[in-house]
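**Q** Listed below, chain by chain, are the residues.
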Amino acid sequence: MLEVRGIDTFYDRSQVLFGMELEIREGEVVTLLGRNGMGKTTTIRSIMGLTRAAAGSIRFAGSEIRELPSYRIAQAGIGLVPEGRQIFPNLSVRENLVATAIPRDRAWTFERVVALFPRLAERLSNMGGQLSGGEQQMLAIGRALMTNPRLLILDEATEGLAPLIREEIWACLTQLKAQNQAILVIDKNLDALTRIADRHYVIEKGRVVWSGSSAQLLANPTVQHRYLGV
Amino acid sequence: MAIKPTPTVAVATIVLAGFALLPVYAVLAGDSFVLSLGTRILVMALAAASLNLILGYGGMVSFGHAAYLGVGGYVVGIMAYHGVTSAWVQWPVAILLSAAVALFIGALSLRTRGLYFIMITLAFAQMIYYVGVGLYDYGGDDGLTLNARSDFGGFPSLDDRPQFYYLCFILLVAALYLMKRLVGSRFGQVIRGAKSNDPRMHAIGFPTMRYRLTAFVIAGAVCGLAGVLLANQADFVSPATMHWTRSGDLIVMVVLGGMGSLMGPVYGALTVLALEESLSSLTHYWKIIFGPFLVLVVLFGKGGIAGLIARWERRK
Chain A
1 MLEVRGIDTF YDRSQVLFGM ELEIREGEVV TLLGRNGMGK TTTIRSIMGL
51 TRAAAGSIRF AGSEIRELPS YRIAQAGIGL VPEGRQIFPN LSVRENLVAT
101 AIPRDRAWTF ERVVALFPRL AERLSNMGGQ LSGGEQQMLA IGRALMTNPR
151 LLILDEATEG LAPLIREEIW ACLTQLKAQN QAILVIDKNL DALTRIADRH
201 YVIEKGRVVW SGSSAQLLAN PTVQHRYLGV
Chain B
1001 MAIKPTPTVA VATIVLAGFA LLPVYAVLAG DSFVLSLGTR ILVMALAAAS
1051 LNLILGYGGM VSFGHAAYLG VGGYVVGIMA YHGVTSAWVQ WPVAILLSAA
1101 VALFIGALSL RTRGLYFIMI TLAFAQMIYY VGVGLYDYGG DDGLTLNARS
1151 DFGGFPSLDD RPQFYYLCFI LLVAALYLMK RLVGSRFGQV IRGAKSNDPR
1201 MHAIGFPTMR YRLTAFVIAG AVCGLAGVLL ANQADFVSPA TMHWTRSGDL
1251 IVMVVLGGMG SLMGPVYGAL TVLALEESLS SLTHYWKIIF GPFLVLVVLF
1301 GKGGIAGLIA RWERRK
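Chains A and B, in that order, are what the protein sequence lines are. Here the first sequence stands for residues 1 to 230, where the numbers follow our numbering. Here the second sequence stands for residues 1001 to 1316, where the numbers follow our numbering.
Derived from the structure by calculation, the hints contain no laboratory data. A couple of the hints might just be wrong.
Unchecked claim - Computed beta-carbon distance windows for the label pairs: (1) B:1235 / A:104: 53 to 63 Å; (2) B:1302 / A:23: 42 to 52 Å; (3) B:1296 / A:160: 33 to 43 Å.
Claimed, not checked - Short, incomplete list of chain B residues facing chain A, as computed with Cβ under 10 Å: (4) 1186; (5) 1189; (6) 1194; (7) 1195; (8) 1203; (9) 1208; (10) 1260; (11) 1280; (12) 1301.
Idealized CB from N, CA, C, for every residue including glycine.
Just chain A, same shape as in the assembly (with noise of 0.2 Å):
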């Protein structure tokens, strides 16, 4: 469904990616894993065309997409849960879910999304500056499956989330794999994502120096103390 192959992305002269290197297929539930500014937001910003890659190709269900404005992919089928969730504020949740609707044949509609996350069903009037830190998170996630995406990425998702509420945001992930959905995952919580991830890539300096299944890496301390410092 998604390939990256070799790309190289720059900030100014300064260069981030180096040929990084990336599959997800129909249904998988992906991981990019590496400490910090190792270079997995950037990787996730050249997919959505947000940092344009300077060199490489991303083909998404069979298309190019490195060089076709972020929109462009968005309506291609690529819903992001950024970081710091950047819900609309000044929107209330019912237009934030409403407002960025793609139907498509995936069937996400309001009533489901809604469904999904029931805190969010007792605050639908209220402004998106007005939900707590866990809300927003789950109003980031319902937007982004508003719009029916066939990849759903999440940027650090349970970043600064209570355990409680990070729960949830995991509960959720899981019944959104059993419902055949791919999802490309950045996150610290390693015992989350082992037990949700079918497959992890880890990444060092803009470049993938590991990748395997979830058995793999739980197999592998030395990757998981050199790369990921557990």
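For this one, chain A is given, so just place chain B on it according to the hints.
**A** Chain B in isolation, oriented as in the chain A frame:
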């Protein structure tokens, strides 16, 4: 859907009812000046409402919005000068030309943000201002007196003050209704969302530039209509109509009334023009009083007059 009788709704109803009944008072009291002032308030409220669409809801601080007042006014003045007085011709031309000018200015200026956007809209407006100054055949700097007001072929007659007043009132109410529908629609949601986080809205799948440009053009067209009304009301149009200070007046009306509030521009236009009229009768230096008043409202009245009403509503 039933409308709740909240203070916001109550104040809006009282103000609009006051406007609706003003001609009755003017006739009974034999006060034609109040009708003339009321017409000017309605016209400026229409112009401010158009600015509110892009400034209040879209976060686009256009410092050249008065340019469309001038474009609309000059179309009426120049066509009347050449003997074309039919409103059915003048008004659509004025609205379309204002929209075209807004499309041109918006297509270039909306590529910039913040201070640059303010400066580029100001620069375009000043260019149009100097085009007006250079129209020597049409009065140049001195302006152009209208030979005749726009003619609808009988009814409504703009020469009849109450009829003209009610036409302005109906157009303002229609514009407010349009804004309400627009802002509540998906289009409006995208504009408002882009105001708080444009890159995010773009990354969700919306070409925000197109949405913002569409709003910019709608605002320009509506302000062009206000220019048509203003020229007819004053029987005169001059480059001063589109001077940057006039754009500043419109911003003051929107900020004072309440940015991003439907009735805010109406409250703002009403307050600014009523204060201007009453204070200027007291002293020639009325702006010395008006200035600090404005500073106080901006410092302590977050959300302007509409914001004050909303806070009162929340306390109840």
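**Q** Now, for every hint given, state plainly whether the structure supports it.
**A** Here is what the structure says about each hint:
1. B:1235 / A:104: 53 to 63 Å: 57 Å Cβ-Cβ, so the 53 to 63 Å window holds.
2. B:1302 / A:23: 42 to 52 Å: The hinted range 42 to 52 Å holds for residue 1302 (chain B) and residue 23 (chain A), with Cβ atoms some 51 Å apart.
3. B:1296 / A:160: 33 to 43 Å: Holds, at about 39 Å.
4. 1186: 6 Å, holds
5. 1189: 3 Å, holds
6. 1194: 9 Å, holds
7. 1195: At 7 Å from the nearest chain A Cβ, residue 1195 (chain B) passes the 10 Å test, so the hint holds.
8. 1203: With a minimum Cβ separation of about 4 Å from chain A (threshold 10 Å), the hint on residue 1203 (chain B) holds.
9. 1208: 8 Å, holds
10. 1260: The hint holds - residue 1260 (chain B) has a Cβ within 10 Å of chain A, the shortest such distance being about 8 Å.
11. 1280: With a closest approach of 37 Å, the residue 1280 (chain B) hint is violated.
12. 1301: This hint is violated: residue 1301 (chain B) lies away from chain A, its Cβ roughly 19 Å from the closest one there, beyond 10 Å.
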